[in-house]
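Visitor: Below are the chains, spelled out letter by letter.
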Amino acid sequence: MEVGIVSYGAYVPRYRIKPEEIGRIWGVDGKAMGKGLMISQKSVPSPDEDVVTIATEAARHMMARVPQVDPADIGAIYVGSESHPYAVKPTSTIVAESIGATPAMTAADMEFACKAGTAGIQACMGLVGSGMVRYGVAIGADTSQGAPGDALEYSASAGGAAYLIGSEDVIARINRTLSFTTDTPDFWRREGQPYPLHGGRFTGEPAYFRHITSAAKMMFDAMGTSAADYKYAVFHQPNGKFPTRVAKQLGFSPEQIEYGLLTPQIGNTYSGAVPLGLANVLDHAEPGDRIFVTSYGSGAGSDAFDITVTDAIKGYQRGRAPVLEKILSSPVYVDYGTYAKYKGKIVMPE
Amino acid sequence: MASVAREWREIPGRYNLIGTKCANCGKIFFPSRDFCPVCRRKSLGKMEKHSVCRTGEVFTYTVIYDAPDCNNRLKPYAVVMVRTDDGVMITGQLVDVDLESVAIGMRVRAVLRKLDADGASGVIHYGFKFVPED
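So the sequence lines, in the order shown, correspond to chains X and G. In terms of this note's numbering, the first sequence opens at residue 1 and continues consecutively. In terms of this note's numbering, the second sequence opens at residue 351 and continues consecutively.
Treat the hints with care, as some may be off.
What the hints assert, rightly or not - Anything over 10 Å on all C-beta distances counts as not near chain G; from chain X, calculated:
no., residue
1, 49
2, 53
3, 248
4, 348
Unchecked claim - Label-pair ranges, simulated between beta-carbon atoms:
no., chain 1, residue 1, chain 2, residue 2, range
5, G, 420, X, 337, 45 to 55 Å
6, X, 70, G, 454, 30 to 40 Å
7, G, 420, X, 332, 19 to 29 Å
8, X, 245, G, 410, 23 to 33 Å
9, X, 225, G, 373, 58 to 68 Å
10, X, 150, G, 354, 12 to 22 Å
11, G, 412, X, 199, 35 to 45 Å
12, X, 88, G, 396, 39 to 49 Å
Bear in mind the hints are in silico, worked out from the structure with no lab data behind them. Given the structure is predicted, the values throughout are model-derived calculations rather than measurements. Glycine included, every Cβ here is placed at the ideal spot set by N, Cα and C.
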């Protein structure tokens, strides 16, 4: 059975802050910080936005593009995030209700640092491929946390994308998926703690680079391919620097990763990062384009996907929801005070 | 703190603008009503669920400067009466907008946003707000 992407939708909040502005507050050369991370600005959620609202907006855009799909035919919804608004009470049920998919369906929230969204795609592929459900929805979305003054504060941002996985009218066939997973404590947040901690440079070689290159090479071996066989590539993007370097290591050119690399414009959207990068690639894709995708989640693991865009993308009603270029086209810049207020960093009276 | 059960009953309207339509006269109501105030007893048992259009235009608006606690971090903000594309009048907040640009006739669409939360440990209330149409 051919399983793949039937539709997709993306959403990024409108507000932005620049690294210079963050650095100004903490006595750090923010511009140099941004340059080092290859991030020129990051998205900031409005006080009334969280993972539920971001995931819902992305999912509604996804459904708007496939008016022929009855939401009641969705059999599973998984929302991957590390900033679910509730510790106990699913995000996924709220999203499901908001797109009219309830009640004959299963739902669960997923968490695997930055790769919970792609883990959801894999789960949906299994359910669709086995015939258990007709359509599954996988969403990666975050309003990620960075401690004030920490290096993460320059990158941790907000956004998400939703994918309708099915076997009918597939616009992008998923030829294969596989994962590389180990116990590597490079980044974590304990229960009840507001901000994560990370292993500094330990998050690089033994974590991000080892897992992504291992999963990518496993995929090359499994498919008998190399970087040259793909039109586009999307890698997890905690900053602009890591994906650029890992792409080079694997033999991909800067042109191949251009559309899939959004972090320089919007920051690290964590679980939303690879789903958003892939959405931007699909916004530009033509039939026959082959796409290489590898996510990364701290803790640690990478999910790799080999995808081929089908002829069905020609009849796909992409214009019924805004493409990412449009979504990112009218940013509103905020100062650090507004950012602190919006992110709830200021303690208010009860 | 509002009752969780009461909030739960309002979910269809708050998330998806589900109202009711009188099958007798065709009038649409939002929030939903159990009977039609025009047709009265003739509407009994004939009120159908109706999904109100999520797009429309600003009929009139005001700007709120003295906000309730739940909107302290958003003030000043616009509250609008919207005439939806299927003719229903709905009141809500208009967000992600430059207040100077708010105008009668402006195209808007409903999105899901956080409305309020019952303190740090209570339930979070989600519902519609409006944003400028793309």
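Visitor: Is the hinted range of 39 to 49 Å satisfied by the C-beta distance from residue 88 of chain X to residue 396 of chain G?
Guide: For residue 396 of chain G against residue 88 of chain X, whose Cβ atoms are near 41 Å apart, the range 39 to 49 Å holds.
Visitor: Please test the hint of 12 to 22 Å on the beta carbon pair from residue 150 of chain X and residue 354 of chain G.
Guide: Hint violated: Cβ distance 36 Å, outside 12 to 22 Å.
Visitor: Classify the label on residue 49 of chain X as holds or violated, using whether its beta-carbon is more than 10 Å from each beta-carbon of chain G.
Guide: violated (7 Å)
Visitor: Determine whether the non-interface label on residue 248 of chain X survives the test: each CB of chain G must be over 10 Å from its CB.
Guide: holds (36 Å)
Visitor: Holds or violated: the 58 to 68 Å window for the beta-carbon distance between residue 225 of chain X and residue 373 of chain G?
Guide: Given a distance of about 59 Å, which is inside 58 to 68 Å, the answer is holds.
Visitor: Falls inside 19 to 29 Å, the C-beta gap from residue 420 of chain G to residue 332 of chain X?
Guide: Between residue 420 of chain G and residue 332 of chain X, where Cβ atoms are some 22 Å apart, the hint holds.
Visitor: Is 45 to 55 Å respected by the C-beta to C-beta distance linking residue 420 of chain G and residue 337 of chain X?
Guide: violated (20 Å)
Visitor: Using the C-beta atoms of residue 70 of chain X and residue 454 of chain G, is the stated range 30 to 40 Å upheld?
Guide: holds (37 Å)
Visitor: Minimum Cβ separation between residue 348 of chain X and chain G greater than 10 Å?
Guide: violated (7 Å)
Visitor: Holds or violated: 23 to 33 Å for the Cβ distance of residue 245 of chain X and residue 410 of chain G?
Guide: violated (55 Å)
Visitor: Quick check for students: does the CB of residue 53 of chain X sit more than 10 Å from each CB in chain G?
Guide: violated (5 Å)
Visitor: Can you let me know if the beta-carbon spacing of residue 412 of chain G and residue 199 of chain X is within 35 to 45 Å?
Guide: violated (52 Å)
Checked against the numbered hints listed earlier, the structure breaks hints 1, 2, 4, 5, 8, 10 and 11; every other hint is satisfied.
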